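Chemist: Below, each chain spelled out in residue letters.
2 protein chains.
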Amino acid sequence: MNSASPESLLEALQWRYATKKFDAARPIPAPVWSALERSLVLTPSSYGLQPWKFLVVTDPGAKRSLVPHSWNQTQPVECSHYVVFAARRTVDEAYIDRWVALMTSERGLPPNALDGYRNMMVGGVAKGMQGSRVFEWATCQCYIALGQFMASAAVLGIDACPMEGIVPARYDEILGLAGGDYGTVVACAAGYRASDDRNATLKKVRFPAADVVTTI
Amino acid sequence: MNSASPESLLEALQWRYATKKFDAARPIPAPVWSALERSLVLTPSSYGLQPWKFLVVTDPGAKRSLVPHSWNQTQPVECSHYVVFAARRTVDEAYIDRWVALMTSERGLPPNALDGYRNMMVGGVAKGMQGSRVFEWATCQCYIALGQFMASAAVLGIDACPMEGIVPARYDEILGLAGGDYGTVVACAAGYRASDDRNATLKKVRFPAADVVTTI
Numbered sequence: 001m002n003s004a005s006p007e008s009l010l011e012a013l014q015w016r017y018a019t020k021k022f023d024a025a026r027p028i029p030a031p032v033w034s035a036l037e038r039s040l041v042l043t044p045s046s047y048g049l050q051p052w053k054f055l056v057v058t059d060p061g062a063k064r065s066l067v068p069h070s071w072n073q074t075q076p077v078e079c080s081h082y083v084v085f086a087a088r089r090t091v092d093e094a095y096i097d098r099w100v101a102l103m104t105s106e107r108g109l110p111p112n113a114l115d116g117y118r119n120m121m122v123g124g125v126a127k128g129m130q131g132s133r134v135f136e137w138a139t140c141q142c143y144i145a146l147g148q149f150m151a152s153a154a155v156l157g158i159d160a161c162p163m164e165g166i167v168p169a170r171y172d173e174i175l176g177l178a179g180g181d182y183g184t185v186v187a188c189a190a191g192y193r194a195s196d197d198r199n200a201t202l203k204k205v206r207f208p209a210a211d212v213v214t215t216i
Numbered sequence: 217m218n219s220a221s222p223e224s225l226l227e228a229l230q231w232r233y234a235t236k237k238f239d240a241a242r243p244i245p246a247p248v249w250s251a252l253e254r255s256l257v258l259t260p261s262s263y264g265l266q267p268w269k270f271l272v273v274t275d276p277g278a279k280r281s282l283v284p285h286s287w288n289q290t291q292p293v294e295c296s297h298y299v300v301f302a303a304r305r306t307v308d309e310a311y312i313d314r315w316v317a318l319m320t321s322e323r324g325l326p327p328n329a330l331d332g333y334r335n336m337m338v339g340g341v342a343k344g345m346q347g348s349r350v351f352e353w354a355t356c357q358c359y360i361a362l363g364q365f366m367a368s369a370a371v372l373g374i375d376a377c378p379m380e381g382i383v384p385a386r387y388d389e390i391l392g393l394a395g396g397d398y399g400t401v402v403a404c405a406a407g408y409r410a411s412d413d414r415n416a417t418l419k420k421v422r423f424p425a426a427d428v429v430t431t432i
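Protein sequences, first through last, are from chains G and D.
For what it's worth, our numbering labels the leading residue of the first sequence as 1, then goes sequentially.
For what it's worth, our numbering labels the leading residue of the second sequence as 217, then goes sequentially.
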């Protein structure tokens, strides 16, 4: 594999910022978006269970309808692709069995080869997590996807803005999730920065490494 | 900026896998680790508040002591750098003021320029989140860091394994976090795969994109 250099990775991560104003006239080209969408699908998750849905909003009307439930920020309409991360509310044995069946067939394994793994997931998740605990766990998995998505976008030179200031219940209604198996957790706008986005020129600030990294 | 191609990004994300057996004799070179550590520091977070600590464990004794609290998995000892992600348990006005003071000085702003932003963070986090809610929110931010870290490692050709099967309370004791402002959330081993890691050759399996991505 042709790996990136440490310098080019850091250049990309330093280049990215929370884009406030996107260039509404500039869509992400299809092959680039395709890779970003694939980065979502390929995100690692606990047990491999992928307890998520990614709703990619590109329809202008749907984008507009999200603005009032996003603290009236304009990223949903001005960006190219607006991704809503939704987490699974429950994980039952049927869901786990669907995952085990897929792994078994994709890897060409004998029918019961993954029984131990299945039982671990049933004990650890389906039966082991009570009440809202599954949703909290699935929410964390969605945040792995958010992290992988933003890093991937940076590496490809695509601007992004994570959106935590949203009203999940309203998003659920608009996106057809209400009452279903998945609930809105967080969103991320992706596209290209507008030439006059003032945030683009602000110095990136982080706590000193010595404050947040401890080597043992 | 010299961006990566969609193909090279996908090659890296497809190449990575949850490494079960690391080559204990092969450390990550210092310049590569330095970039990975910087990817942690640069992780985007809610309000920019960075409510985390990253404990990088390289000491053999400390690594060994984590194994019994990691379902006896061997990644902590065999990997090169073992990163423990710890989330802040509380965020008070003093913490927010430290962040505001740093931004104000780094960006050369007048003393009260960020008052509105400060009040938003105090209302949204310090006063707005009750009980364990701050820790849950900070935990999500740690998972963004985990996602960015794993994607960054893949892009650099470094193997990694996310570790959710750990006992946070025992980690806290061993790492000196118990009773402090931060609590262990998740970990990630980084290094190089052993030549005989059987997991390296398993087919990567994900639900079909049509099942997890919905375009609106």
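Heads up, a few of these hints could be off.
Said to hold, decoys possible - No more than 27 angstroms apart at the CA atoms, straight line, and that leaves these computed lysine-lysine pairs for BS3-like:
1) Lys420/D x Lys237/D
2) Lys127/G x Lys236/D
3) Lys20/G x Lys203/G
4) Lys420/D x Lys236/D
5) Lys343/D x Lys20/G
6) Lys21/G x Lys204/G
None of these hints come from the bench; they were simulated from the model.
None of these values were measured; they are calculated from a predicted model.
Chemist: Hints broken by the structure, by number, lowest first?
Modeler: Hints that this structure does not satisfy do not exist here, as all of them hold.
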